[in-house]
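Please take these sequences and the hints and turn them into a complete structure.
Protein chains in written order, with the working numbering: chain A, 371 to 744; chain B, 371 to 744; chain C, 371 to 744; chain D, 371 to 744.
No lab work stands behind these hints: they were computed from the structure.
Among the clues, some could well be false.
Copies of the same chain look alike in the list, so a pair counts if it fits in one copy or across any two.
Below, computed lysine to aspartate or glutamate pairings styled on DMTMM-like, alpha-carbon distance capped at 20 Å [as the list claims (entries may be wrong)]:
1. Lys649 - Glu665
2. Lys589 - Glu665
3. Lys649 - Glu549
4. Lys396 - Asp490
Number of protein chains: 4
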Amino acid sequence: MDIVTGGESHGKGLFAILEGLPAGLKLDLAAIDAALGRRQSGYGRGARQKIEQDRAEILSGVRDSVTLGSPLTLAVWNRDYAAWEGVMAPEGCDVSRRTLTKVRPGHADLAGMRKYGQSDARNVLERASARETAVRVAAGEICRQLLAALGVKIAGYVCAVGSIADTRRYSFEELAAREETLGMMDGALAAEARAQIDACIQAGDTLGGVAEVRVKGLKSGFGSCMTPSGKLDARLAAAVIGIQAAKGVEFGMGFAAAVHRGSEVHDEIYPSEQGYLRKTNRAGGIEGGMSNGEEIVLRAAMKPIPTLMHGLHTVDTATGEAAVAAAERSDVCAILAFESILEAAVATELARVVIERLGGDTVAELTERYRRLP
Amino acid sequence: MDIVTGGESHGKGLFAILEGLPAGLKLDLAAIDAALGRRQSGYGRGARQKIEQDRAEILSGVRDSVTLGSPLTLAVWNRDYAAWEGVMAPEGCDVSRRTLTKVRPGHADLAGMRKYGQSDARNVLERASARETAVRVAAGEICRQLLAALGVKIAGYVCAVGSIADTRRYSFEELAAREETLGMMDGALAAEARAQIDACIQAGDTLGGVAEVRVKGLKSGFGSCMTPSGKLDARLAAAVIGIQAAKGVEFGMGFAAAVHRGSEVHDEIYPSEQGYLRKTNRAGGIEGGMSNGEEIVLRAAMKPIPTLMHGLHTVDTATGEAAVAAAERSDVCAILAFESILEAAVATELARVVIERLGGDTVAELTERYRRLP
Amino acid sequence: MDIVTGGESHGKGLFAILEGLPAGLKLDLAAIDAALGRRQSGYGRGARQKIEQDRAEILSGVRDSVTLGSPLTLAVWNRDYAAWEGVMAPEGCDVSRRTLTKVRPGHADLAGMRKYGQSDARNVLERASARETAVRVAAGEICRQLLAALGVKIAGYVCAVGSIADTRRYSFEELAAREETLGMMDGALAAEARAQIDACIQAGDTLGGVAEVRVKGLKSGFGSCMTPSGKLDARLAAAVIGIQAAKGVEFGMGFAAAVHRGSEVHDEIYPSEQGYLRKTNRAGGIEGGMSNGEEIVLRAAMKPIPTLMHGLHTVDTATGEAAVAAAERSDVCAILAFESILEAAVATELARVVIERLGGDTVAELTERYRRLP
Amino acid sequence: MDIVTGGESHGKGLFAILEGLPAGLKLDLAAIDAALGRRQSGYGRGARQKIEQDRAEILSGVRDSVTLGSPLTLAVWNRDYAAWEGVMAPEGCDVSRRTLTKVRPGHADLAGMRKYGQSDARNVLERASARETAVRVAAGEICRQLLAALGVKIAGYVCAVGSIADTRRYSFEELAAREETLGMMDGALAAEARAQIDACIQAGDTLGGVAEVRVKGLKSGFGSCMTPSGKLDARLAAAVIGIQAAKGVEFGMGFAAAVHRGSEVHDEIYPSEQGYLRKTNRAGGIEGGMSNGEEIVLRAAMKPIPTLMHGLHTVDTATGEAAVAAAERSDVCAILAFESILEAAVATELARVVIERLGGDTVAELTERYRRLP
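Structure below.
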């Protein structure tokens, strides 16, 4: 299975084609829109999220809500395109409007302008924007539904907002039952986090955080111990760092594993009635590049949104003079959105891994083959 | 450019084919062996490293030490194959010898046996072993030499061994001049680290660490802001987590970026005589999925070696009974090896990215095109 | 550069995403619609071609008719979707209407039903239909415009309709100036061909043919002599046989080369003022898997349309009984469409080959690098 | 499953890595050497074939003749490397010896020299040589053995040598029982063909031909009707045209299908006790880009060997003067070798297609999944 996306932030919409989905998957279309809603929610979001209320439209690959095995084309139309058509239309528009030359540190603006020979960062930022993740969240929800057909579930939460970190361990079921306000599990910490966000709004500053995603019900042996690029964690790492603003990813104990001795890091194995038993899951469910049957656990760090109302020092590329970076209306903290994108990215990569191992042209075939795996 | 590898730990050797290298690269063959030597060095290594003294042999793609543009085949022969031939030979051998069924936690053993239908973990561990990285280090050195032809340099160091961490910042030149004992920059800390390793040897335990790699001289615009999978950091993340024992990777400030406000994280831009000036490099040289012209900075966490002399609790898959994990002669701490593999992985992925952007069939073409980049 | 397509024949439309086009290509949007018109024209086409008058809409990747370097999303909307919505809508529809179980020999119907677990061939044929090529023709026209920016041109013609074959040789300029009726170069032969088509209409039968495509202005060295999969002819062969109804492809003399001696097949080389001179081009511009600077020449065979009004013997999969194959309104001869799709397929694959060799993020870079090639 | 190859014609050897083969395939190693022998046989071959008697060595991925699921590395060592070491050694050699500048029409020489910036065609021809196919034949035999485990068999024959063509139809069993002299099925025609070859030897000329390969026992649904690049015939076409000297490929009736009416081309379907029955197989076992359960039938045209003892007109690139092309000792007719390489190419691509559809980590899994296919 492969996925490609297209679309600009203020263009007609965001688009994706998923090639290689099996036939016979009955889609819950409302759940796709619900996922898009989660991506838009969260304390600290800018005004645009309220305008848009994204909805996914399926353009191909599905008939009567069941996949055909043909490429599935998705659209998330930009509701404010009418307002931007004069500036963005492929067919013709006024490119002298809405130019951006006070390039924003932390964004693709400057490197992108050089790379693509542009004098207007608009031509770069429209694509580089995290708006692109809308259609990836929609695609991710489809992949999640495919995984669910095999009994594989995904959940996650926000474990830190700025310096407010939750170090408790939660069960998968607790995460799955999480309520949406900010995506944290602990109400008291969430209140502290909201206060930090408020302080940032006040200061014209921004805030990042850390999110964790877990996968439950995945049998062992997904990924590969035979090739570096086939390792499950290598593939998930690329998917995670492919998310805008991600600056780090770790599996299981992650960086903490580097600090402890081997006897404190590896998950011993015990015989039991139900087969091999682990009392710990410090590996995060991946050993030797393969799932080992335990929960997959990964965490990713999101940097603060690089568009600050306060304005960072920069240069106006049109003049070469010092300037204050452009501050389009933006989010102050989007960690909950990040968390939902992280779930989508994990679901999508996992669906690819699963389809490669199981092959199969129909969901019935995949399900049967999955059931027969050791 | 693509690379594939083959080879088992106690088989005939390790092999790689690099497809898509440009013609006309004059190779320093001695430097390849030197890189293999660095991978084998470091305090805390097991006896095998002394036996082997790896050397790379080029089997194709090079004539009189200059690349032809044809696939470059590499071999790192296993010097102890003669001793293992009776157990490992493809042509015929006694597979009832050297079986391993007391599966080792933290290794591919158990998941691999299930996946590949094996009753002997030997058939899994031989490939899953980090021995595979020998040929990747050789390939990485070739890629490094290609990058050097463009003026792009790579260096790194061990920033932590277990809990002994070096938090100072070093210049690229300091790193490049680093001496080899344990790979740390600070002699006093290295002494502490050696003491920790000694304690582990005593206890039959193992130790991991953290390594940092930097890339200097890379122009802006490598990678992509247009597709998730094209992002430079996403690609490097997969390369890094594809290394055996890597459990986390971060770029620039990495996880620390999640804790600070945007104004403390993003690298402001100033006008200067030489063009755009940054006073900080918290992004680690990557913005919007592209190199921004600053040094690339990434760090990776290595878990402790999962083979402990002390022996972890496990199950003997042959009997289903509790057992102590097999403890083949092994390393206690291999963080310096990890650091050298990390450099190789970064060099290799970067060479791929560079060749994709520049195209080109000869080093002269690449060099000229690189020179002309903005 | 990669291209993926989606869309069903009677669904909302046909869609494509082109990933990896350089920025700065000024598109002639009218020429895209003109290419779509050519695909719909030709003597012997069914009624549907008149209904539709395809037009391409660009959904992303272009601003004010100039490419951005971001993924370019294309749509060719199905004008009769309103009539089919009740049968095809992804959101919900009546799948018991318009079923097809009298599977049509020569189509994907039967193999596709088994593969995708379908009891209604509608769920297969909607995607397998050559309607899919509409969006590939649009994409191909964009690729042709990219190639034109480098001075590379593509033209072709119909060299045979059924048994009416034109064995004369035409210059590239003659082909490029070809008028559209049936796509043949010779009026007298075209009249004979029309008579054959009329006879087929009378008999409820169908007709195929042979089309030739040539590429002029391509410098030498595109493709590769280093890997089988990199060979220019291997890549073009896959692109050509990937077209619905293509049953064969040949380069230069093609199958005739097998009949003659080496001295009659290979293109001797002579010194001249302008460099190396060839007096013949029997190789079709490709030697050793690479363009050699001469015109690329390839021909492809199209089988007759497999939907016959006359009706072929088949089985009704719903009953297992003998039946006459369903005959939806269809074309009798679509060789001119095939020719235009062939040009598009060649343009697209060639653009991929060119971008891989030249790299580059902008058309300016590509043009400059192309100019500097030997 | 992927395969890459390396190696020069007079270098150390030819090498391949097959990544993604399932574990548990018991290899018949002698059969691999037998396949190499067939590639070297045939009337009209040059002296080199007698020197070499190629043998394959497995370097990794196999233990006691059973695949491990790890990358399988193959070597076919060049037996005359000792004689060429001084001219070819990667470690250092005299590149002023055995230069070739009288570039040979029909070879990669001239285009390759320009592309790779070489003044000596030796640096191009060493890789472009069809010697490379030795290791592909070895790999193909391994793939054939994998297919055989599923009950899928491959056979072929030489249907034409120059103008001596055999137009009879043979059963798969007849082909499989074919004897080796020249690869033709009819002794009388083979005698005529030998006479043609003798005449070419006399004249210092060369001869090509046409070979056919068939696949028996492949279930329906391999390949795809959903994407152009996934079509079984498109993939096989690339594999076939990727063979040195191939100038055309056709499936089933191939180019003849373009001449006949639909009613004479498509394979009608009838009900029968055993399911759907076809009385003809003009499609060559592929409809809609998928296998349809009938025999796969394809034919490929081989051009005459471009190295003529007689010598073609050319230019000496060292002087720019007219010259007679270099005539290294070479074959006069290698159509039987071509046929065996064709079988190998088909086996290899088919194994890739099969593994993608079935997934699976072990031969047992593949076999079980194949059995369950409809």
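Looking back at the hints listed earlier, which ones does the structure fail to meet? Result: hint 3 breaks, nothing else.
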